[in-house]
Amino acid sequence: MASKKLRKTTGYLLEFACLLAALLVMLALCLILYYIFRRGIAAVNIPFLTSLPTPVGEPGGGIGNALIGSAIMVGLGSLLAIPFGISAAIYLDQNPKSKLATATRFANRVLTGVPSLIIGLFVFTVLVLRTGNYSALAGSIALAVMMIPIITLSAEEMLRLVPNSLREASLALGASKKQTVLMLILPAATGGLVVGIMLAVALAAGQTAPVLLTALTSRFWLENLNQSSASLPVLIYTYASSPFPDWQEQAWGAALVLVTTILILNVTAQLFIVARNRRL
Amino acid sequence: MMNKKTTFSRIFTVLISLAILVSLLPTAVFAQTRRPISIEFDGRGVTGDVSPIIVGGRTLVPMRIIFETLGADLNWDSPTRTVSGHKAGRVINLVIGSRTATIDGRSVALEQPAQISRGRTLVPLRFVGEALGARVEWDSARAIVHISSTDASRRRTPVDRALRLTTGGASFPFPLYTRLVTEYRRITEPAVTIDYASVGSGAGIRGILARTFDFAGTDAPLTDEQMAQVAPNQLLHIPTVMGAVAVTYNVSGVGNGLRLTPDVLADIYLGVIVKWNDTRITAINPGVQLPDQRITVVRRSDSSGTTFIFTDYLSEVSERWQREVGKATSVRWPGTTVGAHGNAGVAAQVSQLPGAIGYVELSTAIASKLNMAQLRNRAGHFIAPTVDATSTAAAGLVQEMPKDMRTSLVNSPGAGAYPIVGLTWILVYRDQTDLAKARAIVDFLRWAVVERNLEPFAADLFYAPLPEGVITRVRQQLQTINHNGQAILR
Amino acid sequence: MPITKQPTCPQNGEGVFPYLTAAAAALILLLTGSILLVVLWGAWPAWQAFGPAFLTTSIWDPVQNLYGSTPAVFGTLITSLLALALAGPLGIGTAIFLSELAPPWLKKPASFTVELLAAVPSVVFGLWGLFVLAPWFRVGPGQFLENNLGFLPLFQGPSLGIGVLTASLVLAMMILPTITAISREVIRAVPQELREAMFALGSTRWEMIAKVVLPTSKVGITGALLLGLGRSFGEAIAVTMVIGNANIIPSSLLAPAQTIASLIVNEFPEAFDLQLSALLLLGLLLFIITLAVNMMAIWLVHRTTMEIPNSREKRHGKKRTLRRFFSNGQ
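Chains as they are written, first to last, in my numbering: chain A, 1 to 280; chain B, 1 to 490; chain C, 1 to 330.
Heads up, some of the hints might be wrong.
To be verified - Covered by chain B, per the in silico footprint, the following chain C stretches (three or more residues, Cβ under 8 angstroms):
(1) 67-74
(2) 78-89
To be verified - Cut-off 20 angstroms, straight-line C-alpha distance, at most; resulting in silico cross-link-like pairs (EDC-like, lysine to aspartate or glutamate):
(3) Lys4/A with Glu207/C
(4) Lys218/C with Glu15/A
(5) Lys8/A with Asp61/C
None of these hints come from the bench; they were simulated from the model. All C-beta atoms in this analysis are idealised placements derived from N, C-alpha and C, irrespective of residue type, glycine included.
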């Protein structure tokens, strides 16, 4: 009985350690979010979100073009990376031991550690240098390359967690492998997949170097995808390292907008999952 | 009597001949005997080699001054003796000696014709000014002609269709260029949009060599090896503005204006002087209470033009620095140093770390309210970094400027010159492949540098304008830019 | 037994689907390969110039065009591993708390906050590190370490606020969201039946976590840690702002250092010819380090998984799991 008590106490202690860890993490995260909020809130208003940047010393000026540029590049990047990453993860999940799977898994893990600047440089070399111009399209592709390993890696983990019993049951009922994957496995793993995708989107949305090397930046509206384009992280980077107080304030405002947008996206995705689960 | 008579007749003769002479003299002599007339354009003095003159109540000015001030293209057709100016789609023609001029083919009567005086063509100021859309006013008391630009006179039409240029490079002039390109876009019709990305001089050079940039900005001139990558004289260095690099510090109890000599500064960065109360520092700062505090050397971690200018200076003044470290956009720093990212990063570290010393651009030092050191210049004076002291530095070096404008301005000899000063350039190809882009680039550079439209913006941001002599050289450089052998600027 | 080996079910309606997924997988391989090629191509001149000496020398001098990688490699390993040592236990602890212990009303908002952090651009982390963390660290923990543990070379002063430890702290914060979010999902996916079975056997909640949840999700958590480590290897801007960027092997955790990624991002904007090539060679080195660390991790996981049956195999035998998914999937 004493040992039971000891086991219980140990358990509580370790659970308490987890609670402490969570509190510490939350505290650290809230600190930085609070800092962004405090420094950024003064700059944010409707004209800030909808107008073009102004030069130093000219009042007003916003992040409209950077917001649109980021939305288009992250959106297009996601459109490329999500189906790509999930398909690859399905392959890895379906053929876990094949040579291609082993090689791909390795390649993918290596890709997660490649500095984003190198990825930017790669897209710059194969795309921008070839065509001779910086473009939002090249930016999207660079972001897609950033997102693919994260989506693939997390999706593979999530698919692995779908119990085999589910697969077997489906196959036993006469469904094809394709039907099993599309109708059962993917839906069962949706929650986890969305978490991975949101991580990837969030990470891509905050990237500076790969975007700067491929889409460059612009202080004007994006007119077509073959043009250089502004983006929030590049704007934040440029403004934050400038000596001018109005630009620095706008940098924090832009950071706040970026974080809030991701929050809204995340909440929407979660609500969507909840609604879908209820419908089922 | 005879004497008297002859005296009288002499006086009479002189008077008569004087009267005749006076009546025959060109009015120019009168004008020159009076107060010289000066011209101001938007409040700034405009100078030329020939002064304006008044003929029949009308001011005539050298044609080059007025056309260039107002940003018009100028053509001289010698067989027909016709001056023609083009601007924003408008064409003005004046024939020497003719009382009729044309604006867009429409005839207009002139009260005074254009004329040639002492080898210079003079044109009626008010007519030309107003035809080009400016407002012209005459201040008779002070003999000043005020020309003020209007929206119409500011408007330029370098190209027929809206155009977008992709450019980038040095981050040092980026704030200024954002203002310039915004203003330039506002006044061009159809709009010329110039996107300048602040990506660093090296990236700018790579961009212009790979032709991903239409022009590039750089704080460090191309090295001979880099120049060898393109055909000779193919890449032009067009200087735009100058800037000072301030030495800032955070020493408890010491305010602005600590004095430093070149050798002390070099030895601090070499790690030889490690305490603020070192005798070599106290010796040049009598009356300043320097604490027994460790010096923390802060420098840029990212490679930058600011580092280039600073190490260029140290190499110039310290043989040991030149031998052991050298000059570059990033170097192998001796001793223990703190590398901070960007001017803002250095400023942050200097203000945070007690005992820190760091170099930043003047505008950053002022914006961050950091203490700035006075440096002893070549003439032996201690000079604080200011815009004026920067201009003085350049003035002392105009004569030595090489033909290709790749030069260094550090350690200038002028008495009031601040010693750590650098130029920033725009790199542009001499032989252009796209006519529309070439026109836009040349017109932009001419508008900004030659017509000095960047100066009011530069002053706001603590950049120093180029001296007159350099601007003349820039004009000559721009004249060499061509498309298929055809010069863009006439 | 892997599902692919089951020939009993009809293969109708497969179409191009398996080929598509295989193509996607192959494309990742191709992508990584071509990135590697581009980097190799760019790095070649530097390799030709320095050869293996690049890996063993410590001088980085753009003026003399002499480049050696040891300080950057050392800095990368030390900061990233320290960051992982900090963020790993914290992240997994948080994930356990969020999935097993937290009251339901807290789970969602807390998870949101954590994931939100992934979206904060590096430069913002860097600025926060520079303006908030570093000044606090200099007079707080840094000063404390210098005063009390300064006799150890590891904590020798002066405490500048920026340096190896501050960079590791910032990196730890940056990889926390990745580690926490993926670990939490992995833990959450452990079938309820397994937990119930442990409780039925009289285990405490912690024993259930330690004996069932963690072993079952080990592979996934390792994946999360590796993803975090990969991100910290590649992180540049934020590190650059707080590490002090000294191209020397740091003598103390409080001293300035340099990482591969921060050196690349610092010098890339102005780099030319051989310097540019040397930077790419550094990038290549980072490739190899990431690869080596991943191989080691996978080997470790495999070795320990031998003892405890693979999670999928384990669930495979449970009939209850099947019933749960038919009843629950409704």
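Outcome of the hint check:
| no. | hint | in the structure |
| --- | --- | --- |
| 1 | 67-74 | violated (count 0) |
| 2 | 78-89 | violated (count 0) |
| 3 | Lys4/A with Glu207/C | holds (11 angstroms) |
| 4 | Lys218/C with Glu15/A | holds (18 angstroms) |
| 5 | Lys8/A with Asp61/C | violated (60 angstroms) |
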